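Undergrad: If you're matching them up, the sequences are chains A and B in order.
For the first sequence, position 117 (counting from the first letter as 1) is numbered 117 according to my numbering, and the numbering increases by one without interruption.
For the second sequence, position 115 (counting from the first letter as 1) is numbered 115 according to my numbering, and the numbering increases by one without interruption.
Source of the hints: derived by calculation from the structure; they are not laboratory data.
Don't take each hint at face value.
A pair counts as met if it fits within one copy or between any two copies, since identical chains are not told apart.
Cross-link-like lysine-lysine pairs, in silico, DSS-like; alpha carbons within 25 Å at most [what the hints assert, rightly or not]:
#1 Lys181 x Lys4
#2 Lys24 x Lys123
#3 Lys5 x Lys24
#4 Lys123 x Lys181
#5 Lys167 x Lys156
The structure displayed is predicted, hence computed values, not measured ones.
2 protein chains.
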Amino acid sequence: MDLKKAIYSRRSVRRYGAGKIQRKEILDLIDAAIHAPSACDIQGWRFIVVDDPRLIEELVERGSASFIKNTSQGILVLYDCRTDNEEYMDYLQSAAAGIQNILLTAHSAGIGACWVCHLPNKKEIKGMFNIPPQYDPVAYISLGYSLGEVTDRPRKYEAGEIVSYNKFEFKSETREVNALKVKRTGREIYYKLPLPVRRLFRPLVDIFEKKF
Amino acid sequence: MDLKKAIYSRRSVRRYGAGKIQRKEILDLIDAAIHAPSACDIQGWRFIVVDDPRLIEELVERGSASFIKNTSQGILVLYDCRTDNEEYMDYLQSAAAGIQNILLTAHSAGIGACWVCHLPNKKEIKGMFNIPPQYDPVAYISLGYSLGEVTDRPRKYEAGEIVSYNKFEFKSETREVNALKVKRTGREIYYKLPLPVRRLFRPLVDIFEKKF
């Protein structure tokens with residue numbers, strides 16, 4: 001697929017057709033990922049393909065985005081978190097560059113994908129997958145064959161509205177700061193609850209989960 | 001350009017030909033960036049094109065990657081940092097997804113680019129460009145017309161070596177932890193020094209700057 005078409009027609013896809021993505025196809029996605037740039041050329045990516053339904057169920061129970069309960073596989077993206085550049089979190093940026101390559105490559109291969117950061121605590125994920133301290137779970141990418149239902153979604157701004165020269169010169173729209181504080185605190189408390197209690201609150205949390 | 005070719009033949013480019021990238025071309029890069037996915041569909045990108053030589057000089061003096069002193073323009077990428085998901089820093093990931101779209105699009109248009117996280121403190125950058133608190137500088141992308149010298153660079157691992165299924169199962173190579181601690185502490189101290197003192201240390205710091 002042409003690069004421009006891939007970038008402009010890609011969408012987050014949360015509903016997938018039947019059938020599992022072949023291992024060969026997953027390797028192609030990973031190979032595209034590791035051709036992204038990486039800070040200091042560390043190339044510190046690791047990928048755990050999750051296709052055990054019990055693990056997917058556990059992810060949801062622990063607080064992952066609920067739509068993944070209807071999916072049958074995904075990729076947990078890890079990156080070596082030993083960086084000296086903690087202010088810019090360069091390792092997170094490298095991981096994300098790889099993820100974007102996966103999303104574009106998946107789309108061009110007829111595979112639907114969704115980038116998921118709505119996940120349980122890193123500590124719990126590390127425990128679930130036996131991840132050593134020097135690797136950080138960055139995000140999860142749910143995958144499945146595309147149903148071909150994807151439609152374009154308009155952008156909030158045109159490019160010209162969010163570019164300025166040599167100085168920040170934008171009207172800054174006000175988002176509700178108090179609502180954000182409440183949401184952030186709620187999120188922190190929810191993910192600190194013991195698992196059985198968290199499970200009880202799950203239906204309530206699902207109501208607030210952003211779906212689009 | 002074909003997506004696959006763009007992903008596999010893209011390289012970080014630090015030396016550029018003469019001539020400035022046209023504003024129309026820069027808008028095309030930004031437009032590709034904002035077609036990346038963004039956490040909760042916030043689309044919180046802002047871009048400051050830096051083409052004032054004094055600002056580029058100041059960035060270097062304050063501790064940016066030294067190669068940018070030989071460049072004549074770049075894009076400072078900002079993103080709305082008001083997130084409730086502080087554990088996964090989803091806003092940083094969205095910013096990085098946009099940057100990867102810029103890098104691929106630039107490459108396909110014959111524009112060389114380099115993703116730079118080696119930058120002065122965020123606080124200083126915010127001061128330099130008059131950036132309000134709700135936007136975070138994420139990275140800088142240096143830009144220039146490509147000299148066409150790019151060659152492939154082999155990856156450290158093959159895809160199959162860094163994928164496992166349902167569990168972390170990799171030999172974890174040991175990187176020198178003490179060296180990292182020294183580097184991290186050195187970096188922290190350097191960026192806390194008052195600017196005139198930092199300037200004095202600059203030649204020493206340049207020796208340790210990774211160039212590849």
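Undergrad: Which earlier hints turn out false for this structure, listed by number in ascending order?
TA: Those not satisfied are hints 1, 2.
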